Amino acid sequence: ETGVTQTPRHLVMGMTNKKSLKCEQHLGHNAMYWYKQSAKKPLELMFVYSLEERVENNSVPSRFSPECPNSSHLFLHLHTLQPEDSALYLCASSQDYRSGELFFGEGSRLTVL
Amino acid sequence: RKEVEQDPGPFNVPEGATVAFNCTYSNSASQSFFWYRQDCRKEPKLLMSVYSSGNEDGRFTAQLNRASQYISLLIRDSKLSDSATYLCVVKDSSASKIIFGSGTRLSIRP
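Quick note, the sequences are listed as chains A and B, same order.
Each residue of the first sequence is one higher than the one before, counting from 617 in the working numbering.
Each residue of the second sequence is one higher than the one before, counting from 24 in the working numbering.
Isolated chain A, as found in the complex (with noise of 0.2 Å):
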């Protein structure tokens, strides 16, 4: 199995839609991220969780809402989007969330219309 692994690859959801996005990690790593990476613009860190907890909100939106039921895996709960968050979204997994060396899933496509 790959380290980190992203579902779905690709969705498209109306802005009255509510959809999830999964992320799993099996390196046995103990911190999770999520990252928006919109085009010509630096990924942005939205969300990191270190053994289950928050450590940091990056005045993400409220529509975005993530949970991180253990330590493996991490959700990404949408609703109400809008069209500028049409953008590829990336979770990625470190040994611990004082590491750089970060683990990338291949992302989720999102497409708002």
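Be a bit skeptical, because a hint or two may be false.
To be verified - Straight-line alpha carbon distances no greater than 25 Å define the calculated DSS-like cross-link-like pairs of lysine-lysine that follow:
| id | chain 1 | residue 1 | chain 2 | residue 2 |
| --- | --- | --- | --- | --- |
| 1 | A | Lys634 | B | Lys120 |
| 2 | B | Lys65 | A | Lys635 |
| 3 | B | Lys25 | A | Lys652 |
| 4 | B | Lys102 | A | Lys638 |
| 5 | B | Lys68 | A | Lys634 |
| 6 | B | Lys65 | B | Lys102 |
| 7 | B | Lys114 | A | Lys652 |
| 8 | B | Lys114 | A | Lys656 |
| 9 | B | Lys120 | A | Lys656 |
What the hints assert, rightly or not - For each label pair, taking beta carbons as the anchor points, the in silico distance ranges come out as:
| id | chain 1 | residue 1 | chain 2 | residue 2 | range |
| --- | --- | --- | --- | --- | --- |
| 10 | A | Leu729 | B | Ser130 | 39 to 47 Å |
| 11 | A | Met631 | B | Arg99 | 43 to 51 Å |
| 12 | B | Ser91 | A | Asn674 | 27 to 35 Å |
| 13 | A | Asn686 | B | Arg24 | 37 to 45 Å |
| 14 | B | Glu38 | A | Glu700 | 35 to 43 Å |
| 15 | B | Gly39 | A | Val628 | 18 to 26 Å |
| 16 | A | Leu729 | B | Lys68 | 25 to 33 Å |
Please keep in mind that the hints were generated in silico from the structure rather than gathered at the bench.
Please read all numbers here as calculations on a predicted model, not as lab measurements.
Beta carbons: idealized from backbone N, C-alpha and C, even for Gly.
Following the hints, position chain B against chain A.
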């Protein structure tokens, strides 16, 4: 001023050439530095960490200049497979703030 700045490129160089690019950072308290590589429509992957003394991994050499607040990446004997976007990553002294640059696009031509 951006926290991490990179020349977006593209750098278009012939196979076998040596190419180098820099990344500047604004926070003098930054502690850790990395280069990541991202292929088109793929996820970023760690290329190498950048140590104070510099480090080398095969054809790749990374250097840190704390006085001038930049890191560099040198690629020797470039291959077609080196074509990618190279992301500079800086981690500050607080536990979890990791900042990505916008990336430098490199294209190696035959």
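These are the hints, each one checked on the structure:
1. Lys634(A) / Lys120(B): Violated, at roughly 29 Å.
2. Lys65(B) / Lys635(A): With Cα atoms ~23 Å apart, Lys65(B) and Lys635(A) stay inside 25 Å; holds.
3. Lys25(B) / Lys652(A): Holds, at about 18 Å.
4. Lys102(B) / Lys638(A): 36 Å, violated
5. Lys68(B) / Lys634(A): 30 Å, violated
6. Lys65(B) / Lys102(B): 19 Å, holds
7. Lys114(B) / Lys652(A): 18 Å, holds
8. Lys114(B) / Lys656(A): With Cα atoms ~21 Å apart, Lys114(B) and Lys656(A) stay inside 25 Å; holds.
9. Lys120(B) / Lys656(A): 21 Å, holds
10. Leu729(A) / Ser130(B): 39 to 47 Å: 33 Å, violated
11. Met631(A) / Arg99(B): 43 to 51 Å: Roughly 50 Å apart at Cβ, these two residues keep to the hinted range, so it holds.
12. Ser91(B) / Asn674(A): 27 to 35 Å: Distance hint for Ser91(B), Asn674(A) holds at roughly 28 Å.
13. Asn686(A) / Arg24(B): 37 to 45 Å: Given a distance of about 40 Å, which is inside 37 to 45 Å, the answer is holds.
14. Glu38(B) / Glu700(A): 35 to 43 Å: 40 Å, holds
15. Gly39(B) / Val628(A): 18 to 26 Å: Roughly 43 Å apart at Cβ, these two residues miss the hinted range, so it is violated.
16. Leu729(A) / Lys68(B): 25 to 33 Å: Given about 31 Å between the Cβ atoms, the range holds.
Hint compliance for this structure: hints 1, 4, 5, 10 and 15 are broken, all remaining hints hold.
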